[in-house]
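Participant: Per the UniProt record's numbering, the sequence shown starts with residue 1, numbered consecutively.
Errors might be hidden in some of the hints.
What the hints assert, rightly or not - FRET-style restraints, in silico, Cβ to Cβ:
| id | residue 1 | residue 2 | range |
| --- | --- | --- | --- |
| 1 | 234 | 128 | 39 to 49 Å |
| 2 | 194 | 169 | 38 to 48 Å |
| 3 | 106 | 220 | 15 to 25 Å |
| 4 | 153 | 217 | 17 to 27 Å |
| 5 | 231 | 106 | 19 to 29 Å |
| 6 | 260 | 63 | 20 to 30 Å |
| 7 | 166 | 229 | 16 to 26 Å |
Stated by the list, open to error - Derived pair list, reagent style SDA-like, types lysine to any residue, alpha-carbon separation capped at 20 Å:
| id | residue 1 | residue 2 |
| --- | --- | --- |
| 8 | 139 | 150 |
| 9 | 139 | 210 |
| 10 | 139 | 86 |
| 11 | 139 | 106 |
Just so you know, the hints here were simulated from the structure itself, not pulled from any lab data. Idealized CB from N, CA, C, for every residue including glycine.
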Amino acid sequence: MTAPTTTQLAQFGHEFGRGPRKVMVFGGAFGHSGDWRAFCEGLDPDAATWVFFDYRGYGRARATLGNYTFEEAAVDALELAAALGWGRFSLVGHSMGGVAIQRVLLAAAPGRIERMVALTAVPACGSRMDAQRLAMFDKAAHDVAQRQFILDFSTGRRLPAVWLRRQALDSAACTAPQAFSGYLRDWGTVDFSERVRGNPVPVMVLAGACDPTLTRELMERTWLAWYPNATLEVLDGCGHYPMLEVPLALARAVGDFLQQP
C-alpha cells in the first residue's frame, strides 16, 4: 500500500492542545484514539500538542485498507508528522503501541524522536506468542465475549463486568477484524530487539501494578535492558489500561516526563 496523501491524513489523527512540544500517541489492540478523552482532561493544552493516532483499520481510519503492519503504521505516522509540520516530537505507545513507537523510532531520521513513553507496552521482542495463545487472541477479532475475557484478565479480574462489556463492544465497533488479526501477528510474534538495543532515546516505562502479563520484571528484562536511558515506574491501582483506569495520574506522570529539558 502507498502512504496516505495529505488530504487523507486527517483520518489518522485526533489533535488536542496547542503547545510547543509535539507528541504522537499510539493505542493498543483493543483501543482507538477516542480512548484518551479522560487522559486529555489532565493535560495542559498550552504545554504540548498531542495527536492520538489511529492505525489503518482502527477508529477514524477503520475503513482505510492496508497491510496492517507496524512498519506501514510508522510510514503513516511520519507522513502525518510531516503534514503537520512537526520536526522533532515524542512518542507514547500503549500495549501493542509499544511496538508501533519503536518502529517509528527506527524509521525516523536520527535525533528526530525526543522521548518515548512505553505504557504497559509490548517490547521489541514481541509477545512471543505460541500458536495456542495466538489463536486465543485472534478469536477476539470476531468475538466480543473473547474481548471481554481478555480485558478482564489483563486488568487483574477486579473491574465491573458492565464496564468490561462496554469496553469490549466499543473496541469491536471501532476495529476492522482483518486489521486486528494483521497487527496481532506482528506484535505477537516478530522480534526486532537487536535493532533497538543501545538506542539512547530517553524512555519512561510505565507498568500497571495489577497487569498480570506486562509486569515490572518483564519491563526490566526488555525495555530497561535495551534502552540505556530508560526508567521504570509502576502505576498503583491499575492493570493494563491506565488511560482508562487512572487517567489523571497517568496524565501527570507522562506530562511531567515529556516536559523535562
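Participant: Would you list, in rising numerical order, the hints stated earlier that this structure does not obey?
Facilitator: The structure conflicts with hints 1, 6, 7, 9, 10 and 11, although it agrees with all the remaining ones.
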